[in-house]
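Peer 1: Chains as they are written, first to last, in the numbering used here: chain A, 1 to 137; chain B, 1 to 137; chain C, 1 to 137.
Worth flagging that the hints you see were computed from the coordinates, not collected in a lab.
Treat the hints with caution; some may be incorrect.
One copy or two, it doesn't matter: identical chains are merged, so the pair holds either way.
As the list claims (entries may be wrong) - Here are the simulated lysine to any residue pairs, SDA-like style, with alpha carbons at most 20 Å apart: (1) Lys5 x Thr113; (2) Lys23 x Ile3; (3) Lys5 x Trp82; (4) Lys5 x Asn35; (5) Lys81 x Glu12; (6) Lys5 x Ile33; (7) Lys5 x Gly112; (8) Lys63 x Leu74; (9) Lys80 x Leu9; (10) Lys63 x Ile18; (11) Lys8 x Ala65; (12) Lys5 x Leu109; (13) Lys63 x Asp26; (14) Lys72 x Asn16; (15) Lys72 x Ser130.
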Amino acid sequence: MIITKELKLISEGELNIINITDKIDDIVRETNIRNGACLIFTRSSTSAVTVMEFEPGLVNDIKLALERLFPKNLQYEHEKKWHDGNGHSHIRATFMKPDLYIPVMNGSLALGTWQQIVFIELDIRSRERSIVVQVIS
Amino acid sequence: MIITKELKLISEGELNIINITDKIDDIVRETNIRNGACLIFTRSSTSAVTVMEFEPGLVNDIKLALERLFPKNLQYEHEKKWHDGNGHSHIRATFMKPDLYIPVMNGSLALGTWQQIVFIELDIRSRERSIVVQVIS
Amino acid sequence: MIITKELKLISEGELNIINITDKIDDIVRETNIRNGACLIFTRSSTSAVTVMEFEPGLVNDIKLALERLFPKNLQYEHEKKWHDGNGHSHIRATFMKPDLYIPVMNGSLALGTWQQIVFIELDIRSRERSIVVQVIS
């Protein structure tokens, strides 16, 4: 059985990192599934989902690492197509990927103690986002 | 129920980035599954699958980012084993990973407007590749 | 049907890369599932799972790439919270992600010839680790 839900959220601009653990866990609990797999997918080419210890210092460290690896001020050929200044956003999303899998055990997400699920807005402004959450049992 | 298919393709040399969205969507449609999960896996240690807006500028930007992060001309210890000049290819594949998950809704891949699924040839020459596509419902 | 197992292992310090292919394949074989999907998740915020050709040269190349992309000796704000010297470990784990999917065909992991599944200890000392392995059929 697969239950599919959509999580909507509005990001607060570039590199807004949002802890979505509780919202995903609520979706899992509402399914009443005890043992299964939770699959998460962000439906955009300029955002990502991953796992981290969600604390302010590390949130800043992640932002700095993204800028160090994929600098915003390089010349991107993508600019020639749309001129919307988000070439770096696309590259970051393609490397981080839009998908994530978390096991479900005993009716809840089987995360480690320091693991939280985060959505990362990689685009250059606030966006309304759609995240698909599927629970398989 | 899990339906397993194999997608075969021949890449055109190093950093050939191939849009495989239509081929994956065809596989999904042939299953007649309305609601489920699609899992994609490239069976090689020198290639990757991910999601991007497939347009020529961004395709070039991704190639440049791969070369910036994992330069081809560094000394790789892997060369000592096989002397086949693809140490950088392996590193790139290990970081990008071989797997991808896309939800299936209303009988089709639930991608965002600008998301296409791509196969990236990371090895240094044309190769025949095998990609496993599984649809779970 | 989803069968959930836990794989416990003790890492031997920072950047210990452990080939867990045989252990995962044993779990798959014990389920007697012929055709399905295997999902793997490391339950920690300072480790990762991925796929690589497991040979000593490439193991060293991966370690050097991690250090080049996410240097250990940068100033990380995460240090202000815990002072435990593993800011770089968290960043590396967040970029590499804790999850992996491998197809199961003919009762076994459908890996390519040169693909092995590895656990990477990203924290700065030996740790006891828990990896969840789920087989879906």
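Peer 1: Run every hint past the structure and note whether it holds.
Peer 2: Each hint tested on the structure:
{"no.": "1", "hint": "Lys5 x Thr113", "result": "between (25 Å within a copy, 19 Å between copies)"}
{"no.": "2", "hint": "Lys23 x Ile3", "result": "within (15 Å within a copy, 25 Å between copies)"}
{"no.": "3", "hint": "Lys5 x Trp82", "result": "neither (32 Å within a copy, 36 Å between copies)"}
{"no.": "4", "hint": "Lys5 x Asn35", "result": "both (18 Å within a copy, 11 Å between copies)"}
{"no.": "5", "hint": "Lys81 x Glu12", "result": "neither (25 Å within a copy, 25 Å between copies)"}
{"no.": "6", "hint": "Lys5 x Ile33", "result": "both (14 Å within a copy, 17 Å between copies)"}
{"no.": "7", "hint": "Lys5 x Gly112", "result": "between (24 Å within a copy, 15 Å between copies)"}
{"no.": "8", "hint": "Lys63 x Leu74", "result": "both (17 Å within a copy, 14 Å between copies)"}
{"no.": "9", "hint": "Lys80 x Leu9", "result": "neither (30 Å within a copy, 30 Å between copies)"}
{"no.": "10", "hint": "Lys63 x Ile18", "result": "within (13 Å within a copy, 29 Å between copies)"}
{"no.": "11", "hint": "Lys8 x Ala65", "result": "neither (27 Å within a copy, 31 Å between copies)"}
{"no.": "12", "hint": "Lys5 x Leu109", "result": "both (16 Å within a copy, 15 Å between copies)"}
{"no.": "13", "hint": "Lys63 x Asp26", "result": "neither (27 Å within a copy, 38 Å between copies)"}
{"no.": "14", "hint": "Lys72 x Asn16", "result": "within (15 Å within a copy, 25 Å between copies)"}
{"no.": "15", "hint": "Lys72 x Ser130", "result": "neither (24 Å within a copy, 35 Å between copies)"}
In summary, the numbered hints that this structure violates are 3, 5, 9, 11, 13, 15.
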